[in-house]
Every structure is written in structure tokens, then in C-alpha cells.
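A.B. asks: Sequence:
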Amino acid sequence: MDGVPKQFDLVSGDGRIAGDAKYYTAVNGTSLPPAKFATIAEYLWLLEKTKARERFLIFGNDRRVPEWWLDRHGDLTSFTFYYLSDGGVLERLN
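Heads up: the sequence shown begins at 0 in numbering that gives the first Met the number 0, then just goes up one per residue.
What the hints contain is simulated information worked out from the structure, not anything from laboratory work. Check each hint, because a few of them may be wrong.
[Claimed, not checked] Result set (SDA-like, lysine to any residue): computed pairs, CA atoms no more than 20 Å apart in a straight line:
hint, residue 1, residue 2
1, Lys48, Tyr82
2, Lys35, Val88
3, Lys5, Leu31
4, Lys21, Ala34
5, Lys35, Arg15
[As the list claims (entries may be wrong)] Across the chosen pairs, the derived CB separations fall in these ranges:
hint, residue 1, residue 2, range
6, Ser77, Ser11, 31 to 39 Å
7, Lys50, Asn93, 19 to 27 Å
8, Asp8, Asp70, 23 to 31 Å
9, Gly28, Gly86, 32 to 40 Å
10, Val26, Lys50, 18 to 26 Å
11, Ala34, Asp8, 16 to 24 Å
12, Arg52, Ala25, 29 to 37 Å
13, Arg52, Ser30, 32 to 40 Å
14, Asn27, Pro4, 17 to 25 Å
15, Thr38, Ile16, 31 to 39 Å
16, Met0, Thr29, 14 to 22 Å
17, His72, Val3, 30 to 38 Å
From the three backbone atoms N, C-alpha and C, an ideal C-beta is built for every residue, glycine too.
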């Protein structure tokens with residue numbers, strides 16, 4: 000997409016909307032996952048390099064992971080974070 004060396008999971012036909020899906024969990028089910036935080040930052044950086052007008056990440060599994068990231072770094076991005084529950088409910092996190 001636009002010369003970005005990543006095939007994003009969710010892209011509209013015209014390329015105006017682009018996003019990626021992540022399925023993360025806390026370390027040992029309880030602890031903050033620093034390596035996953037770095038990966039979230041990497042995907043935001045890659046999305047930033049696209050020409051898409053709307054950019055987002057959607058998370059499954061443990062909603063604490065994107066919430067923790069947003070608590071610490073949410074002021075660094077304008078992209079939308081979503082959480083998709085096991086029951087199929089989509090919720091905007093920021």
C-alpha cells in the first residue's frame with residue numbers, strides 16, 4: 000500500500016481507510032507486555048506512512064493491552080483504537 004512494505008489486514012478498495020488487527024494478551028495473563036507495546040508503535044508508524052485518511056488498529060483477546068498502551072502513549076497518535084470482544088461487539092477505545 001503506497002510503497003509501505005506491509006500488507007495491512009483491513010484496507011478499503013480505494014485505499015482511503017487502512018487498519019490492522021492485533022490479538023494480544025498480557026504477559027503471563029497479568030503483566031504489561033513491553034514487546035507488544037513496541038509492536039503497536041511499529042504498526043502505527045507503518046500506518047502513518049500510508050496515504051489513508053482513516054487509520055486504525057483493532058484488538059482482540061485481552062482489552063487491557065490496548066488500554067494500557069493508550070494510557071501511556073495515547074497522546075502520541077490520532078489513529079483510532081478498537082476492541083472486538085469474543086461476542087463480536089466492536090467498541091472504540093479512544
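A.B. asks: Next step is simple, just say for each hint if it's right about the structure.
C.D. replies: We went through each hint and held it up to the structure:
Distance hint between Lys48 and Tyr82 is unfulfilled; the C-alpha atoms sit about 23 Å from each other, more than 20 Å. For the hint linking Lys35 to Val88, the alpha-carbon distance of about 23 Å lies beyond 20 Å, and the restraint is violated. The suggested pairing of Lys5 with Leu31 is violated, with an alpha-carbon distance near 26 Å, which exceeds 20 Å. Of the supplied pair hints, the one linking Lys21 and Ala34 holds, its CA atoms being roughly 13 Å apart against a limit of 20 Å.
Only pairs whose Cα atoms come within 20 Å are accepted, and Lys35 paired with Arg15 is rejected, the gap being roughly 27 Å. Remark: the range hint 31 to 39 Å for Ser77 to Ser11 is contradicted by a beta-carbon distance near 18 Å. Restraint check, Lys50 to Asn93: a C-beta distance of roughly 22 Å satisfies the suggested window 19 to 27 Å. Roughly 24 Å separates the CB atoms of Asp8 and Asp70, a value that falls within the hinted 23 to 31 Å.
Taking the beta carbon of each, Gly28 and Gly86 are about 20 Å apart, not inside 32 to 40 Å as hinted. Separated by about 35 Å at the C-beta atoms, Val26 and Lys50 break the suggested range of 18 to 26 Å. Distance hint for Ala34 and Asp8: a CB-CB separation of about 20 Å, consistent with the stated range 16 to 24 Å. Against the hinted window of 29 to 37 Å, the Cβ-Cβ separation of Arg52 and Ala25 comes to about 33 Å, which satisfies the hint.
About 36 Å separates the C-beta atoms of Arg52 and Ser30, a value consistent with the hinted range of 32 to 40 Å. Under the hint 17 to 25 Å, the C-beta atoms of Asn27 and Pro4, about 33 Å apart, miss the expected range. Distance hint for Thr38 and Ile16: a CB-CB separation of about 21 Å, inconsistent with the stated range 31 to 39 Å. Our hint of 14 to 22 Å for Met0 and Thr29 is violated, since their Cβ atoms are close to 36 Å apart.
Evaluation of the 30 to 38 Å hint for His72 and Val3 yields a failure: the beta carbon distance comes to about 21 Å.
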